[in-house]
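Trainee: Here is what each chain is made of, one letter per residue.
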Amino acid sequence: MSNYVYCVSRASHPLPLEGAVGVGEHAPALRLVREQDLVAVVSAAPAHLRPKRRDLAKHDAVVGQVYAAGTVLPMRFGMIAPDDEAVRTELRSGARRYDELLSRIDGHFELNVKGVHAEEALLRDVLLQNDELRVRNQALRAAGGGSHQDKVAFGEQVAAAVAERSAREAGQVIARLQPHAAQVRRGPPVDGCFVNVSFLVASGARPDFDGALSRLRRELPGYASVGVYGPLPPYSFVGNEVEM
Amino acid sequence: MTEMTMTQMPQATGGGRLSGELYKVVELILDRGLVIDVFVRVSVIGLEVLTIDARVIVAGVDAYLRFAEVCGRLDLTGSSPRIGRLLPGGAVPLELPGSARTDVGVTQRKG
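Chains as they are written, first to last, in the numbering used here: chain A, 188 to 431; chain B, 1190 to 1300.
Fair warning: there could be bad hints in the mix.
As the list claims (entries may be wrong) - A few chain A residues facing chain B, derived, Cβ under 7 Å:
#	residue
1	A256
2	F264
3	I267
4	N299
5	V303
6	F341
7	G342
8	V345
As the list claims (entries may be wrong) - Derived list of chain A stretches under chain B, where covered just means 3 residues or more per stretch with a C-beta under 8 Å from a C-beta of chain B:
#	stretch
9	308-317
10	326-333
11	411-419
Said to hold, decoys possible - Below, a list of computed lysine to aspartate or glutamate pairs in the EDC-like style, where the Cα atoms sit at most 20 Å apart:
#	chain 1	residue 1	chain 2	residue 2
12	A	K239	B	D1220
13	B	K1213	A	D378
14	A	K239	B	E1210
15	B	K1213	A	D397
Hint data in this document are derived by calculation from the structure and do not stem from the laboratory.
For every residue, glycine included, the Cβ atom is placed at its ideal position computed from N, Cα and C.
Here chain A stands alone, though its shape is the one from the complex:
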């Protein structure tokens, strides 16, 4: 029977699994597959699995529960191993890499930072700071909105100005918070966010991170706000890629 895999950890991890159930309609029990110094948390894989909120929440709850008691390498949602032997083989062949990854994230957590713009306030500021755009906007208004072509051309210029600010403010967010993180990784683009970035932060560095965040919030323009999510299991810092 194939296994849905949640996370990999050290065999010495306490691995509290009480109360948690696996993904899928039948809420399968969680099991441990051990190999040498490593252990994987798995459950019987459901026949059909799609990224529904319920299953994402279960995946996250299992990883979160184990992570709360010690260091884990969280799997990406949806990883299926054909059987226990395949899990053991992987733990054996990847042992060195997993040990390195676990050592790197020991004592750290992930904080995810997303920045959003209040759009009307942003556009107001763009127009007020740019004479050419402001004059064109007034001309379009006077013409009752202007032609389709005029609107597209004007909107494209506005979009360029918005993109410039987004890039600038994303740079600000990273520059101010990076000094308090062991690693930084940009998240996937998310609709409505001008920045999505994760920081691997040592437990002891949280006060400094929060202090930098407060200063950042004062420094950013009034139309920009940043939200912080976490502490999270270090999803962004266990991949094969090393970025930034």
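Got chain A sorted already, so can you dock chain B onto it with the hints?
Mentor: Leaving out everything else, chain B in the frame of chain A:
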């Protein structure tokens, strides 16, 4: 377009104890995390579409038209804090109240 359901996915049905925050970081669970090449990954139609959409939304004709439309609705006159932003070097007018940072976000409708 069925793939778009992904962006709407977190609805008020079920969900774990982290459901509020889960929604905010769902792309990390779907697109980050450890991948083991020899394992199979279930199809997660949606996230890739979601990330592509994010780029389209800021760069397509629809986005340009929307920007033009929103700009056309903005009333840039008759508000001293905003006029103050016209001062060289982004100087802030003296009458700007302490709460101006949030005040900037207030929508002014014309007429």
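Trainee: Now tell me, hint by hint, if it's right for this structure.
Mentor: The hints, checked one at a time:
no. : hint                : result
1   : A256                : violated, 16 Å
2   : F264                : holds, 5 Å
3   : I267                : holds, 5 Å
4   : N299                : holds, 5 Å
5   : V303                : violated, 11 Å
6   : F341                : holds, 5 Å
7   : G342                : holds, 3 Å
8   : V345                : holds, 4 Å
9   : 308-317             : holds (count 7)
10  : 326-333             : holds (count 4)
11  : 411-419             : holds (count 4)
12  : A:K239 with B:D1220 : holds, 15 Å
13  : B:K1213 with A:D378 : holds, 12 Å
14  : A:K239 with B:E1210 : holds, 15 Å
15  : B:K1213 with A:D397 : holds, 19 Å
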